[in-house]
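Which chain is which? The protein sequence lines are A and B, in order. Quick note: the first sequence uses the working numbering, first residue 1, plus one each step. Quick note: the second sequence uses the working numbering, first residue 289, plus one each step.
Just so you know, these hints were derived from the structure itself, not from any lab. Don't be surprised by glycine CBs; every beta carbon is placed ideally from N, CA and C. Be aware that one or more of the hints could be misleading.
Only part of the chain A face toward chain B is listed, based on derived beta-carbon distances under 10 Å [unchecked claim]: (1) Thr166; (2) Ala181; (3) Tyr261.
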Amino acid sequence: MRLICVFLIFWITPGFAANAEPPIRFGLTAVILTENIRFLDKWSQYLEAKMGRKVEFVLRRSYQDVMDLLDSGAIEFAWICGYPYVQTRKPEFLQLMTVPVYRGAPRYFSYIIVPHNSAYQRVGDLEGKIFAFSDPDSNSGFLYPLSLLAKNGDKPETFFRQTFFTFNHTETIEAVAEQVADGGAVDSYIWEYLAAFKPEVAGKTRIIKKSPSFGFPPIVSHLGVDANTVKLMKTTLESMNQDVAGKALLAELKLDGFGHYPDSLFNDIRAMAKSIQRSIPHALDVTN
Amino acid sequence: MVGFMIGAVMVVQDWSRFHDELGEKALLLSESVAITTPRAMLRKNYWGLYQSLKNIVARRAETGGGHEVITAMILDAEGIVQAHLQPAENPLGLIFSPANKVEEELLTQAMSASKPIVLSRGGFSEAGFVEGVVPFFSDQKYMGVVRVRLSVARLYEKAKSSALIVILLVFCFVIIGSVLGTMVARRMVKPLTAVTQGLEAVGRGEMTDFAPVPVKGGDEIGRLSITFNQIMSELAEKKMLEEEIAMSEKLIALGRITAGVAHEVNNPLAGLLNCIDTLQKHPDDQKLIDRYLPVIDQGLHRIKDIVHNLLVGLKIEESDENVNIEHIDKLKDLITAEIGDKDIEVIWNNRADKSLNIPAKLEQIVFNLLKNALEVIPDSGTIIFNMYQEGEFLVIEVSDNGPGIPSKIRNQLFDPFFTTKPNGTGLGLWVVYRLVQSMQGIIEVESEKGHGATFHVAIPVMRAKAA
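Please model the entire structure based on the sequences and the hints provided.
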């Protein structure tokens, strides 16, 4: 439904002459607030104007869905999470293109949150409780809390009484705010964003644990996309902070801009994933 | 009253219809949740289950006019909470614990339902609710139950306000109806009351100072009032005329008496004055004296008789003296003495109770009648006197076999100074008539020319005696 809406908006968007070239498809995940259709509309118009090509945002429920689209070549670019990025693919089908800069650095955190009026003070207090994960392919929403448990030799299915995935950081915050879950793990960028724009939801949650910083969810390109297009997209995004319209869009995204960073930015996540796979290998075999 | 009953029936019917509809809505909502529940449960998509419950609340809020979802839950076959609208109090993964006896009962009913059912509690009250219970299955295996509970509070409010409207309407109708009824009744009764008061006045005999009934409108009552007023004014006129006639009759009678007295007294007076004049001229003429003195004597006696009769009649009329009935019998001797040289037989029949007391006036009546009979008989004949009691009346009959009374003078018979006899004063029967009248009696004359006459007098003596 959401996808149909996006398509409709692009179909009826006037002012851009029909181009012989096929549109550039850009996959989005829950690393940003994908509900803001009007913002995505403005952003795609901006990118179209800059690149001279039609740009379509493609939304999917889970990270896995977007990864599958990328794998099959159904999309050219995608904004994914650091955890899927560091996973090994054979053969590899994507490459790092650019990384958002958030509050001065290409880094973010994982927050462990609880209902604001609850008595929980540390992660250990959540033993035997209900815990909400965001996405099984999320670093901040799944990998990091797993690593926290693994340090003490715990596994989610035994440590918590119940766990569930919301497939969306925003909904994890809602699940905790409404006390469906006693705790949850979320992307700090999303939580802060919500704290600013939806304080009535985020305000009902309280952070009891902040992770070390991790590389911000990166934007990757499919290996099959021609170098010029990749370069054009990379330049367009990275120079957004140099014009007024771009700055306005970045302000809405609460980002400083996009920048070129090495793959090593994600080494922390890579190491964490490896350690989890060693200690609780089946924990990542999540199907949904 | 009827209005209230109809109103109450309407409200109750409305209520039960709305209540049934609400039950169906609850069932529909539960069913919509139950469709996706088995799959989500198998995948442990608890967030999805919770969202499906949240969605029905959001949907009901959006559609507006809906009924508040009090609670909703998804329980598995063991009664473990899979999702609950109040997650803080009913945590995921724990057995749902009912808060009280009623909840326990409802839970048992819900858990034992093998097909969708509607439960309801609280009936017609603000706290009442309906619950749609839908069990769900996967591959025919019972997996749990969806319960969606809707409040009847809004329904209750609606029913209450419609009841209020009905009561207000009925109340208004009752007030308007009674006010109109009173007004109409007053309009109808007021003229009738006036007519009744008028009739009562007639009953009291106050006809001349009667105030006309006010006439309003041309309806039956208006026409009745007009007719009544006409009758009343005619009656008043008639009464006034009667009074005038009575007055003029009195004047006429008085005039006749005066004229009679003048005439009867004047006639002998002329003769007497002549005699005296002649005697004065010839005072020493013994012959004249011997001739005129009896004439003067006779004339003066006649005047004396007239005055006596007039005085006697008037005097006795006023008297209410009573005498024993035997006094009447003395009259037989008195009248026999008056017969003189006529050959008249008097037949006397007094059959009345000897101990009876009668008004003294009766003596005069009987005497006058006997005297009258005596005078009308020329030379010989019979006078029959009968007296007897009939009911409360004492009846007196005096018959003669004289010449009878011509029918043309019968109306004047009792007039004063009316007489057919050369020496009669014309006052005897007049006195009888007046005395009979003064005793509320009846007098009748029966006569056939050449066969004499009979006077019948009936006097209510028994009533007088009893009184």
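(message) Could you work out which of the previously given hints the structure breaks and list their numbers from low to high?
(response) 3
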